[in-house]
Amino acid sequence: MEIIMYIKKSRLITGSIVIVLVTAILTAGLMNPFGFTHLAQFVKVGVVSKVIDNMYYEDVDKDEAANMDPYTRYLWGDTAKQYMEEVEGNYCGVGLYIENDTKENLISVVSAIAGSPAEAAGITTNDKIVAIDGQNYTGEQLSEAASYMRGEEGTDVTLTIRTAADGQTKDVKLTRGRIELESVSGEMLDNNIGYISITQFTENVSQKVEQKCREFKDMKGLIIDLRNNPGGILDEGVNTAGLFLNNGD
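The sequence shown lines up with residues 101 to 349 when you count with the numbering used here.
Since the hints were derived computationally from the structure, they do not count as laboratory data.
For glycine and all other residues, C-beta sits at the position ideal for the given N, C-alpha and C.
Treat the hints with care, since some could be wrong.
As a list, the in silico DSS-like pairs of lysine-lysine whose alpha-carbon atoms are at most 30 Å apart [claimed, not checked]:
hint: 1; residue 1: Lys-270; residue 2: Lys-203
hint: 2; residue 1: Lys-270; residue 2: Lys-228
hint: 3; residue 1: Lys-228; residue 2: Lys-203
hint: 4; residue 1: Lys-273; residue 2: Lys-228
hint: 5; residue 1: Lys-320; residue 2: Lys-308
hint: 6; residue 1: Lys-203; residue 2: Lys-273
Each pair of labels, with its calculated beta carbon distance range [what the hints assert, rightly or not]:
hint: 7; residue 1: Thr-258; residue 2: Ile-152; range: 37 to 45 Å
hint: 8; residue 1: Asn-304; residue 2: Asp-153; range: 27 to 35 Å
hint: 9; residue 1: Asn-347; residue 2: Thr-258; range: 49 to 57 Å
Can you build the whole structure from these sequences, using the hints too?
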(Lines of atoms letter the chains of each structure in order from A; the text may use other names.)
(Lines give C-alpha, C1' and ligand atoms only; values in the text may rest on other atoms or scores of the structure.)
Protein backbone atom coordinates (compact mmCIF):
# COMPACT_ATOMS: atom_id res chain seq x y z
CA MET A 101 0.00 0.00 0.00
CA GLU A 102 2.79 2.42 0.81
CA ILE A 103 4.45 1.77 -2.53
CA ILE A 104 1.20 2.38 -4.42
CA MET A 105 0.54 5.60 -2.53
CA TYR A 106 4.11 6.76 -3.18
CA ILE A 107 3.78 6.15 -6.91
CA LYS A 108 0.48 7.99 -7.10
CA LYS A 109 1.89 10.91 -5.13
CA SER A 110 4.96 11.08 -7.36
CA ARG A 111 2.79 11.14 -10.48
CA LEU A 112 0.61 13.83 -8.97
CA ILE A 113 3.63 15.98 -8.09
CA THR A 114 5.23 15.42 -11.49
CA GLY A 115 1.99 16.31 -13.22
CA SER A 116 1.68 19.47 -11.15
CA ILE A 117 5.24 20.51 -12.04
CA VAL A 118 4.56 19.97 -15.75
CA ILE A 119 1.38 22.06 -15.54
CA VAL A 120 3.22 24.85 -13.70
CA LEU A 121 6.06 24.85 -16.22
CA VAL A 122 3.72 24.86 -19.22
CA THR A 123 1.68 27.67 -17.66
CA ALA A 124 4.84 29.65 -16.90
CA ILE A 125 6.16 29.21 -20.43
CA LEU A 126 2.88 30.20 -22.03
CA THR A 127 2.54 33.19 -19.71
CA ALA A 128 6.12 34.26 -20.39
CA GLY A 129 5.55 33.88 -24.11
CA LEU A 130 2.44 36.02 -24.01
CA MET A 131 3.96 38.67 -21.76
CA ASN A 132 7.31 38.74 -23.52
CA PRO A 133 7.23 41.50 -26.16
CA PHE A 134 9.77 39.53 -28.21
CA GLY A 135 7.56 36.43 -28.29
CA PHE A 136 9.11 32.99 -27.91
CA THR A 137 12.29 33.86 -29.82
CA HIS A 138 14.04 35.19 -26.71
CA LEU A 139 12.13 33.13 -24.16
CA ALA A 140 15.29 31.69 -22.57
CA GLN A 141 16.66 35.17 -21.87
CA PHE A 142 13.26 36.28 -20.55
CA VAL A 143 13.17 33.33 -18.12
CA LYS A 144 16.73 34.09 -16.96
CA VAL A 145 15.77 37.68 -16.17
CA GLY A 146 12.84 36.40 -14.12
CA VAL A 147 15.03 33.96 -12.19
CA VAL A 148 17.68 36.60 -11.48
CA SER A 149 15.01 39.06 -10.33
CA LYS A 150 13.59 36.50 -7.90
CA VAL A 151 17.05 35.66 -6.51
CA ILE A 152 17.72 39.37 -5.92
CA ASP A 153 14.37 39.75 -4.14
CA ASN A 154 15.04 36.77 -1.88
CA MET A 155 18.79 36.90 -1.29
CA TYR A 156 20.19 40.44 -1.65
CA TYR A 157 21.25 41.91 1.68
CA GLU A 158 19.22 45.10 1.21
CA ASP A 159 15.84 45.97 -0.25
CA VAL A 160 16.33 46.66 -3.95
CA ASP A 161 14.60 49.28 -6.05
CA LYS A 162 13.76 47.42 -9.27
CA ASP A 163 14.69 50.50 -11.31
CA GLU A 164 18.18 50.43 -9.76
CA ALA A 165 18.70 46.65 -9.69
CA ALA A 166 21.26 46.75 -12.50
CA ASN A 167 23.47 49.13 -10.49
CA MET A 168 23.43 47.59 -7.01
CA ASP A 169 27.16 47.46 -6.38
CA PRO A 170 30.36 46.57 -8.29
CA TYR A 171 30.66 43.21 -6.50
CA THR A 172 27.37 41.70 -7.71
CA ARG A 173 27.70 39.59 -10.85
CA TYR A 174 25.36 37.42 -12.86
CA LEU A 175 26.64 33.88 -13.53
CA TRP A 176 24.76 31.27 -15.53
CA GLY A 177 25.36 27.78 -16.91
CA ASP A 178 28.98 26.64 -17.22
CA THR A 179 30.33 29.86 -15.71
CA ALA A 180 28.27 29.36 -12.56
CA LYS A 181 29.28 25.70 -12.41
CA GLN A 182 32.96 26.58 -12.66
CA TYR A 183 32.66 29.21 -9.95
CA MET A 184 30.98 26.73 -7.61
CA GLU A 185 33.75 24.21 -8.26
CA GLU A 186 36.23 26.83 -7.08
CA VAL A 187 34.42 27.75 -3.90
CA GLU A 188 33.78 24.09 -3.12
CA GLY A 189 37.52 23.61 -3.09
CA ASN A 190 38.75 21.63 -6.11
CA TYR A 191 38.98 21.79 -9.90
CA CYS A 192 41.50 21.18 -12.72
CA GLY A 193 43.46 24.16 -13.98
CA VAL A 194 46.57 26.23 -13.37
CA GLY A 195 45.65 27.61 -9.94
CA LEU A 196 45.19 31.35 -10.30
CA TYR A 197 42.85 33.88 -8.71
CA ILE A 198 42.31 36.59 -11.33
CA GLU A 199 40.35 39.83 -11.70
CA ASN A 200 39.60 42.49 -14.27
CA ASP A 201 42.02 45.40 -14.04
CA THR A 202 39.55 48.01 -15.29
CA LYS A 203 42.20 50.73 -15.63
CA GLU A 204 44.10 48.78 -18.27
CA ASN A 205 41.33 46.39 -19.29
CA LEU A 206 43.69 43.50 -18.65
CA ILE A 207 43.45 40.29 -16.64
CA SER A 208 45.33 40.79 -13.39
CA VAL A 209 46.57 38.06 -11.06
CA VAL A 210 45.21 38.38 -7.53
CA SER A 211 47.31 35.47 -6.29
CA ALA A 212 48.55 32.02 -7.19
CA ILE A 213 47.14 29.14 -5.16
CA ALA A 214 49.65 27.43 -2.88
CA GLY A 215 51.05 24.28 -4.47
CA SER A 216 49.57 25.04 -7.89
CA PRO A 217 51.33 24.97 -11.30
CA ALA A 218 51.04 28.77 -11.42
CA GLU A 219 52.83 29.19 -8.09
CA ALA A 220 55.55 26.75 -9.15
CA ALA A 221 56.11 28.82 -12.29
CA GLY A 222 56.57 32.00 -10.23
CA ILE A 223 53.42 33.86 -11.31
CA THR A 224 52.67 36.45 -8.63
CA THR A 225 50.21 39.13 -7.54
CA ASN A 226 49.64 41.97 -10.06
CA ASP A 227 51.17 40.06 -12.97
CA LYS A 228 49.04 40.62 -16.08
CA ILE A 229 47.83 37.83 -18.37
CA VAL A 230 48.06 39.28 -21.88
CA ALA A 231 47.35 36.14 -23.92
CA ILE A 232 46.57 32.44 -23.53
CA ASP A 233 47.90 30.01 -26.13
CA GLY A 234 48.58 32.96 -28.41
CA GLN A 235 45.05 34.38 -28.16
CA ASN A 236 44.83 37.88 -26.65
CA TYR A 237 42.35 38.44 -23.81
CA THR A 238 41.08 41.69 -22.28
CA GLY A 239 39.90 42.20 -18.73
CA GLU A 240 36.33 42.16 -19.98
CA GLN A 241 36.94 38.59 -21.16
CA LEU A 242 37.78 37.41 -17.66
CA SER A 243 35.22 34.59 -17.62
CA GLU A 244 36.30 33.28 -21.03
CA ALA A 245 39.95 33.32 -19.98
CA ALA A 246 39.24 31.53 -16.70
CA SER A 247 37.25 28.88 -18.58
CA TYR A 248 40.04 28.36 -21.11
CA MET A 249 42.69 27.93 -18.41
CA ARG A 250 40.70 25.08 -16.95
CA GLY A 251 40.91 21.73 -18.65
CA GLU A 252 41.85 18.12 -18.44
CA GLU A 253 44.53 17.25 -15.90
CA GLY A 254 47.95 16.82 -17.54
CA THR A 255 47.26 19.05 -20.56
CA ASP A 256 49.41 22.12 -21.29
CA VAL A 257 48.53 25.79 -21.63
CA THR A 258 50.84 28.74 -22.33
CA LEU A 259 50.22 32.11 -20.66
CA THR A 260 51.78 35.30 -21.95
CA ILE A 261 52.58 37.23 -18.77
CA ARG A 262 53.55 40.87 -18.26
CA THR A 263 55.36 40.70 -14.95
CA ALA A 264 54.66 43.16 -12.15
CA ALA A 265 58.34 43.14 -11.15
CA ASP A 266 59.87 44.60 -14.32
CA GLY A 267 57.05 45.03 -16.85
CA GLN A 268 58.64 42.53 -19.22
CA THR A 269 56.51 40.09 -21.22
CA LYS A 270 57.26 36.38 -21.29
CA ASP A 271 55.57 33.09 -22.15
CA VAL A 272 55.00 30.63 -19.30
CA LYS A 273 54.06 27.04 -20.16
CA LEU A 274 51.95 25.34 -17.48
CA THR A 275 50.61 21.83 -17.11
CA ARG A 276 47.06 21.78 -15.77
CA GLY A 277 46.66 19.91 -12.51
CA ARG A 278 44.10 19.06 -9.85
CA ILE A 279 43.80 22.14 -7.64
CA GLU A 280 42.97 21.28 -4.05
CA LEU A 281 42.24 24.47 -2.15
CA GLU A 282 43.53 24.52 1.42
CA SER A 283 41.91 27.78 2.38
CA VAL A 284 42.97 27.93 6.04
CA SER A 285 46.48 27.64 7.44
CA GLY A 286 48.16 29.02 10.54
CA GLU A 287 50.75 28.83 13.25
CA MET A 288 51.61 30.23 16.66
CA LEU A 289 54.03 33.16 16.44
CA ASP A 290 56.29 34.59 19.11
CA ASN A 291 54.71 36.03 22.27
CA ASN A 292 51.73 33.64 21.96
CA ILE A 293 50.28 35.46 18.95
CA GLY A 294 48.18 33.23 16.72
CA TYR A 295 48.34 33.66 12.95
CA ILE A 296 45.65 32.37 10.55
CA SER A 297 45.67 32.88 6.79
CA ILE A 298 42.37 32.57 4.89
CA THR A 299 43.06 32.44 1.14
CA GLN A 300 39.39 32.09 0.09
CA PHE A 301 36.03 31.59 1.77
CA THR A 302 35.36 28.06 0.53
CA GLU A 303 33.08 25.50 2.16
CA ASN A 304 33.65 24.85 5.89
CA VAL A 305 36.18 27.68 6.30
CA SER A 306 34.54 28.90 9.50
CA GLN A 307 34.83 25.45 11.09
CA LYS A 308 38.49 25.24 10.06
CA VAL A 309 39.22 28.66 11.56
CA GLU A 310 37.50 27.65 14.80
CA GLN A 311 39.50 24.41 14.93
CA LYS A 312 42.76 26.26 14.30
CA CYS A 313 41.99 28.67 17.15
CA ARG A 314 41.38 25.74 19.50
CA GLU A 315 44.78 24.34 18.57
CA PHE A 316 46.51 27.52 19.73
CA LYS A 317 47.13 27.09 23.46
CA ASP A 318 47.48 30.15 25.72
CA MET A 319 46.91 32.50 22.79
CA LYS A 320 47.13 36.19 23.76
CA GLY A 321 46.32 37.71 20.39
CA LEU A 322 45.31 36.70 16.87
CA ILE A 323 46.19 37.90 13.38
CA ILE A 324 43.77 36.97 10.58
CA ASP A 325 45.45 37.44 7.21
CA LEU A 326 43.03 38.12 4.33
CA ARG A 327 45.58 39.51 1.87
CA ASN A 328 44.78 38.59 -1.75
CA ASN A 329 41.63 36.77 -0.64
CA PRO A 330 39.20 37.06 -3.60
CA GLY A 331 36.07 36.29 -1.55
CA GLY A 332 33.90 33.20 -1.91
CA ILE A 333 30.82 31.94 -0.07
CA LEU A 334 29.07 34.79 1.76
CA ASP A 335 27.75 32.58 4.57
CA GLU A 336 31.27 31.34 5.34
CA GLY A 337 32.51 34.91 5.64
CA VAL A 338 29.61 35.77 7.95
CA ASN A 339 30.10 32.62 10.04
CA THR A 340 33.82 33.30 10.36
CA ALA A 341 33.15 36.85 11.58
CA GLY A 342 30.58 35.38 13.97
CA LEU A 343 33.34 33.48 15.74
CA PHE A 344 34.67 36.79 17.03
CA LEU A 345 31.60 39.05 17.28
CA ASN A 346 28.67 39.06 19.66
CA ASN A 347 25.15 38.72 18.27
CA GLY A 348 24.00 42.04 16.84
CA ASP A 349 27.48 43.54 16.40
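Tested hints:
no., hint, in the structure
1, Lys-270 with Lys-203, "holds (22 Å)"
2, Lys-270 with Lys-228, "holds (11 Å)"
3, Lys-228 with Lys-203, "holds (12 Å)"
4, Lys-273 with Lys-228, "holds (15 Å)"
5, Lys-320 with Lys-308, "holds (20 Å)"
6, Lys-203 with Lys-273, "holds (27 Å)"
7, Thr-258 with Ile-152: 37 to 45 Å, "holds (40 Å)"
8, Asn-304 with Asp-153: 27 to 35 Å, "holds (28 Å)"
9, Asn-347 with Thr-258: 49 to 57 Å, "holds (52 Å)"
Hint check: no violations occur; every hint is consistent with the structure.
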